[in-house]
Amino acid sequence: MERLKAALEDFGRMLLFAVEMVAWIFRPPFRPELVLAQMAFIGVGSAFIVGVTGTFSGMVFALQMNFAMKQFAAEGYVGGSVAFSLARELSPVFTALMVTGRAGSAIATELGTMRVTEQLDAMESMAVNPIQYLVVPRVIASLLMFPVLTMLFNALGYAGGFVMGVYVARIPIGPYLAHTQEFMNVSDILHGLLKAVVFGLIVSVITTWRGYAATGGAKGVGEGTTRGVVASSIFILLADYAITFVSVGT
Amino acid sequence: MIEVRDLWKSFGDNHVLKGITLTIPEGQTYVVLGGSGSGKTVLMKHVIGLLKPDRGSVHVGGREISALHGKALTEARQLFGMVFQGAALFDSMTVYENVAFPLTEKRRGERVHPDEVRRRVIEKLRVVDLGEEVLPRWPSELSGGMRKRVALARALVSDPQVVLYDEPTTGLDPITTDYVDGMILNAKRALGITSMVISHDIASAFKVADRLAVLYDGHLAAEGTPAEVRESKDPYVQRFLSMWFEKQASEDRSA
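Protein chains in written order, with this note's numbering: chain A, 1 to 250; chain B, 1 to 255.
One chain only, chain A, in its complex shape (with noise of 0.2 Å):
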């Protein structure tokens, strides 16, 4: 009960951080050169390994596809089951998952740091106020560079995908293209982004939070990166089923 009172309470003081900090993007003075660095480390940093995540997710489920398709030969159908996945699931999900262990862990450990080193504390005392500084950069860059790192992912997956079934599985590139065509819409891959997005806030919010709420020494920073890693892919999980289940239903 004890625990489940502190956790609300953590929970609650991490929504208040989340009102200030959209507070903060729309004061002066704009830090645009600092989004632009966190926009390099947090998308191009996370470029490769969303782009070889993306490209072995689309071939293997290819492959996984064709061998399922194969018993009611219809193997042309992979092409479009392939990018749909990718576009409403796959890629949104993955691409969170993976930028939250690679970005998301380095953001939360980075600014834990800064807490207990007292840097946090230097800068508000040099009149900077750090949720402006160090957070807003941070999650104007994610809302940003999470639809394109999930662009990337559908890209490269498609392709992966496209590779192992016209030239491994021999599929007709006819038929592959066409379905594919038949089964996708503007608005699967829109589903795919709008979830990027949210993605993209969920991960910067609790990973900055995590970082500047941190106490305690290097274990303190550690136990934060943790928990911030750990809850950023559960609410990942639990937004992915919330969006779906709205657009979708049952």
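Simulated from the structure, these hints should not be mistaken for lab results.
Accuracy of the hints is not assured; some may be wrong.
Derived DMTMM-like pairs (lysine to aspartate or glutamate); straight-line CA-CA distance at most 25 Å [said to hold, decoys possible]:
1) B:71 to B:105
2) A:219 to B:91
3) B:71 to A:33
Given chain A's structure and the hints, the job is docking chain B onto it.
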């Protein structure tokens, strides 16, 4: 310059400050002495508005810091420079970027010319006896004493009226401690600023203080000039100071 009136602060059941009242006149160095966990840092964080009191008030330069929020508090903080215990240099920035930070960030609206920023950074590094060769170095490449000096240069760069020192000599060897004491005295003499130092280093405290106070169990156990505090009849103060005076006396005898 600084007036703390009947300041109370608790964290849960932990009552840290229980009615602190003190006045720091302009241009003086005021040292708050106390053991570990006596609430010294909490007191200092109230002075700069990093913490809000449960009761009581803090006035700096005629403004009630403890009642300010948001933009007004941010503006009021421009009166201060603060030197943190572990120096708290930003480790993702070079020495130059660290010292320039208050100028490039705080005064964005005023757009200080980059040449002027550089001139002032070098000028303040000179006050703490550091040359231009340290500018491109990273905090991780500096010794403890050098970090403290860079931290003081950063605190001085925006020409504050008040400088706060959080345990400036903790963890330093005797020679560096002596150097840091000299640096505090020099900053006061050269720039005429008001200083508040919190410390448990009795030798340093008596060396730099115009006035000092001993904080114990959330109260000021003694307050006054170094000579007055030395004569205090408070048992805690006597115990706190006696160890150091005895040590000093034995050192004098053996010398």
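Outcome of the hint check:
no.	hint	result
1	B:71 to B:105	15 Å, holds
2	A:219 to B:91	19 Å, holds
3	B:71 to A:33	23 Å, holds
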